[in-house]
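Residue numbers (the numbering used here): 4 to 158.
Any given hint could turn out to be false.
Stated by the list, open to error - SDA-like cross-link-like pairs, simulated, lysine to any residue; straight-line CA separation at most 25 angstroms: (1) Lys-70 <-> Asp-60; (2) Lys-138 <-> Val-125; (3) Lys-70 <-> Asp-97.
Rather than coming from a laboratory, the hints here were simulated on the basis of the structure.
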Amino acid sequence: MSALLQPAEARFEALTARHLDAVLEIEQQAYAHPWQRANFLDSLRCGYEAQMLMAQDTALGYFVAMKGVDEVHLLNITVAPAYQRQGWAHVMLDAIALWARGQGAHWLWLEVRVGNQRALEVYQAHGYRRVGERKAYYPADRGQREDAVVMNLHL
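Build out the structure end to end from the sequences listed, making use of the hints.
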């Protein structure tokens, strides 16, 4: 188990192609259906906001967000499994909201797997509210699909 890291030790830095090996390793550890290298490369090519949360040379997590006209859509937010339940998701959600406000956004939007109870609780604790569902949105095991909960946060 990793040591508890203090917030003063963490910093954000732009997620770039040089981070992708570390990011993909975290994706594989964190998800049964992880993003692939192409998903991240496409996001970077499109100029989406992509940040790494780092402590020294350790990747604690990352996020990718897409700016719209007056909203931001959170596409991926992941805390490395070794650092989960230490408050890092809230640090990243605060950073996303701060960046979104700076971009003139009034809303933050996201989808989360209906079965991801822990993430739903984190988002709700952070002020996001459930506003709908997308049927069969995510791939699931054995060729099945899983619904997504659509959530938003008014900034």
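Verify the proposed pairing of Lys-70 with Asp-97, using a straight-line Cα cut of 25 angstroms.
-> With a Cα-Cα distance of about 16 angstroms, the restraint between Lys-70 and Asp-97 holds, given a limit of 25 angstroms.
Satisfaction of hint between Val-125 and Lys-138, Cα-Cα up to 25 angstroms | Cα-Cα ~22 angstroms, so holds.
Under the criterion that the straight-line Cα-Cα distance not exceed 25 angstroms, is the pair Lys-70, Asp-60 satisfied?
-> violated (28 angstroms)
In summary, the one numbered hint that this structure violates is 1.
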